[in-house]
Amino acid sequence: MVAIKDKLKLEIVEHNNEVLPILIRDIGVNLKSGEDVALVRFDSYADLLAPKDVKADEIETLNHLVDSITNQSWILPAVYRGYITKILWFKPPWAHQFQDGKYPLQVGKCQQTGVLKVTSTNPYFTSNCVYASMDKLSNVHAVDVYVSTTGLAKNYSTIIEKSHPSIYDNESGSESLDVDNRKKPKLSNDNNHKDNSTVQRVYPLDATLIDQLLETRQFIMDINLSFFSTDDYIRKQLDEHEYEILRYVYTRIVQDRTDTEIQRYITARESALEQIRTCMNEYLTEPKLDQPILIDNPYLSALISIIRFKKLDWKLIHRYGMHLSDTRPPLHVSSEEMVIYLHEAMAKVLQSIKKNPILITISR
Numbered sequence: 000m001v002a003i004k005d006k007l008k009l010e011i012v013e014h015n016n017e018v019l020p021i022l023i024r025d026i027g028v029n030l031k032s033g034e035d036v037a038l039v040r041f042d043s044y045a046d047l048l049a050p051k052d053v054k055a056d057e058i059e060t061l062n063h064l065v066d067s068i069t070n071q072s073w074i075l076p077a078v079y080r081g082y083i084t085k086i087l088w089f090k091p092p093w094a095h096q097f098q099d100g101k102y103p104l105q106v107g108k109c110q111q112t113g114v115l116k117v118t119s120t121n122p123y124f125t126s127n128c129v130y131a132s133m134d135k136l137s138n139v140h141a142v143d144v145y146v147s148t149t150g151l152a153k154n155y156s157t158i159i160e161k162s163h164p165s166i167y168d169n170e171s172g173s174e175s176l177d178v179d180n181r182k183k184p185k186l187s188n189d190n191n192h193k194d195n196s197t198v199q200r201v202y203p204l205d206a207t208l209i210d211q212l213l214e215t216r217q218f219i220m221d222i223n224l225s226f227f228s229t230d231d232y233i234r235k236q237l238d239e240h241e242y243e244i245l246r247y248v249y250t251r252i253v254q255d256r257t258d259t260e261i262q263r264y265i266t267a268r269e270s271a272l273e274q275i276r277t278c279m280n281e282y283l284t285e286p287k288l289d290q291p292i293l294i295d296n297p298y299l300s301a302l303i304s305i306i307r308f309k310k311l312d313w314k315l316i317h318r319y320g321m322h323l324s325d326t327r328p329p330l331h332v333s334s335e336e337m338v339i340y341l342h343e344a345m346a347k348v349l350q351s352i353k354k355n356p357i358l359i360t361i362s363r
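In this text, residue positions in the sequence shown follow numbering that gives the first Met the number 0: the first is 0, and each later residue adds one.
Just so you know, the hints here were simulated from the structure itself, not pulled from any lab data.
Warning: the hint list may mix true and false statements.
Here are the computed lysine-lysine pairs in the PhoX-like style, where the Cα-Cα straight-line distance is at most 25 Å [as the list claims (entries may be wrong)]:
no.: 1; residue 1: K54; residue 2: K135
no.: 2; residue 1: K51; residue 2: K85
no.: 3; residue 1: K8; residue 2: K347
no.: 4; residue 1: K235; residue 2: K135
no.: 5; residue 1: K54; residue 2: K314
no.: 6; residue 1: K353; residue 2: K101
no.: 7; residue 1: K310; residue 2: K85
no.: 8; residue 1: K353; residue 2: K85
no.: 9; residue 1: K353; residue 2: K6
no.: 10; residue 1: K314; residue 2: K51
no.: 11; residue 1: K354; residue 2: K287
no.: 12; residue 1: K51; residue 2: K135
no.: 13; residue 1: K8; residue 2: K85
no.: 14; residue 1: K314; residue 2: K235
no.: 15; residue 1: K85; residue 2: K54
no.: 16; residue 1: K85; residue 2: K347
no.: 17; residue 1: K51; residue 2: K31
no.: 18; residue 1: K287; residue 2: K309
no.: 19; residue 1: K6; residue 2: K354
no.: 20; residue 1: K353; residue 2: K8
no.: 21; residue 1: K31; residue 2: K354
no.: 22; residue 1: K101; residue 2: K85
no.: 23; residue 1: K101; residue 2: K347
no.: 24; residue 1: K135; residue 2: K101
no.: 25; residue 1: K347; residue 2: K6
no.: 26; residue 1: K8; residue 2: K354
no.: 27; residue 1: K235; residue 2: K310
no.: 28; residue 1: K31; residue 2: K8
no.: 29; residue 1: K354; residue 2: K101
no.: 30; residue 1: K31; residue 2: K6
Can you build the whole structure from these sequences, using the hints too?
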């Protein structure tokens, strides 16, 4: 007699933000009171931002949710709805938005703005203006995020591929700041910049811990193909010097500071982003599309000139720049050998999981 195993539920979508409605429709509505699921994901991006145009109360309904969230902001709404309390994020070696480790997050409704905010002061959240202190949040939900770089085994150095040189000093660590508290861009590539991509790391998510985290809960597996090879449309449009200008316009860094100072920084950051958007809208649309650029900020003026000359979509550029933090977005076009290597690394992780997911989602 042949035993027939339960079929795995698989959903293939184009973009990550299309996963959230599936999760709500197929998983969330069937959860019992007090029950939650874990999210096991393979991706080069953190995707832990909060949607800016959706109020926390609106997340309780499915209407218009897909159109209002982005690929970077689909996870926290599921956390806020109480579906997900554990996230196991396996990232490729070239993804540096978070270092390996455990990140306890508190996600809640901002009492002032009504949108989702996070209590973490990690630069990923502060530079995207997603931070708020606990006393300013209501209806708070906790989630533990476990980050692990997959594929940094001892054989990785034998197939490592040439990476793009950094245009910032100490990109993975502290960076020099000017009087405006912004990163100082280098005017040329630093050939002495150390490439630490071959460094051996300690796996915070070993088989035992994975088994413990998933032992008492069901889990969803989300696979984004950027885990194997990560392209960057905006960076393909710009050379290194032009990209350096873009980062200088948008990027700031927050050191360890008090809550008051971080709040002051976020207010200034939001104001600066709005000023950039206003200037771009003024000089990159009619009637001033061909007019001289009269802006005091020489870097913003240079960026607008670049966008004009290359006929780029300024709204895409602005949206991209808003999400820049103190690390570069992941970029690595992999060889076939590297893709195979990461397949094998993923397989080792999957072999350590002793149960099947209740849902698998795959996106591009």
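Hint check:
For the suggested pair K54 and K135, the alpha carbons sit about 15 Å apart, so the restraint of at most 25 Å is met. For the hint pairing K51 with K85, the CA-to-CA distance comes to about 23 Å; that is within 25 Å, so the pair holds. Pair hint K8 plus K347 holds up; C-alpha atoms about 21 Å apart against a cutoff of 25 Å. For the suggested pair K235 and K135, the alpha carbons sit about 40 Å apart, so the restraint of at most 25 Å is broken.
This hinted pair checks out: K54 and K314 have alpha carbons roughly 23 Å apart, not beyond 25 Å. A C-alpha spacing of about 22 Å is found between K353 and K101, which places the hinted pair at or below 25 Å, so the restraint holds. With a C-alpha separation of about 43 Å, the suggested pair K310 and K85 falls outside the 25 Å cut-off, and the hint is violated. A hinted pair counts as satisfied when its Cα atoms are at most 25 Å apart, and K353 with K85 qualifies at roughly 17 Å.
For the proposed pair K353 and K6, the alpha carbon gap of about 16 Å is at most 25 Å, so the pair holds. For a cut-off of 25 Å, the pair hint linking K314 to K51 stands: about 16 Å separates their Cα positions. Taken as a hint, the K354 and K287 pair is broken in the structure, with Cα atoms around 60 Å apart against an allowance of 25 Å. Proposed proximity of K51 and K135 is supported: the alpha carbons are some 17 Å apart, at most 25 Å.
With a C-alpha separation of about 20 Å, the suggested pair K8 and K85 falls inside the 25 Å cut-off, and the hint holds. Between the alpha carbons of K314 and K235 the distance comes to roughly 16 Å, so the proposed pair stays at or under 25 Å and holds. Among the hinted pairs, K85 with K54 is consistent with the structure: their alpha-carbon atoms are about 23 Å apart, no more than 25 Å. With a C-alpha separation of about 20 Å, the suggested pair K85 and K347 falls inside the 25 Å cut-off, and the hint holds.
Between K51 and K31, the direct Cα distance comes to roughly 29 Å. Violation of the 25 Å bound is thereby established for this hinted pair. Under the criterion of a C-alpha separation no larger than 25 Å, the hint pairing K287 with K309 is consistent with the structure, at around 17 Å. Note on K6 and K354: the hinted pairing holds, with a Cα-Cα distance of about 13 Å set against a maximum of 25 Å. Of the supplied pair hints, the one linking K353 and K8 holds, its CA atoms being roughly 17 Å apart against a limit of 25 Å.
Between the alpha carbons of K31 and K354 the distance comes to roughly 20 Å, so the proposed pair stays at or under 25 Å and holds. The straight-line distance between the Cα atoms of K101 and K85 is roughly 10 Å, inside the 25 Å bound, and the hint therefore holds. For the proposed pair K101 and K347, the alpha carbon gap of about 21 Å is at most 25 Å, so the pair holds. Taken as a hint, the K135 and K101 pair is honoured in the structure, with Cα atoms around 24 Å apart against an allowance of 25 Å.
As the CA atoms of K347 and K6 are separated by approximately 22 Å, the hinted pair is consistent with the 25 Å bound. A threshold of 25 Å between alpha carbons decides the hint, and for K8 with K354 the separation of about 14 Å falls inside it, so the pair holds. Our distance criterion of 25 Å between C-alpha atoms is met by K235 and K310, whose separation comes to about 14 Å. The hinted pair formed by K31 and K8 meets the criterion: a straight-line CA distance of about 20 Å does not exceed 25 Å.
Taking the CA atoms of K354 and K101, the gap is about 23 Å. The hint holds against a cut of 25 Å. For the hint linking K31 to K6, the alpha-carbon distance of about 22 Å falls within 25 Å, and the restraint holds.
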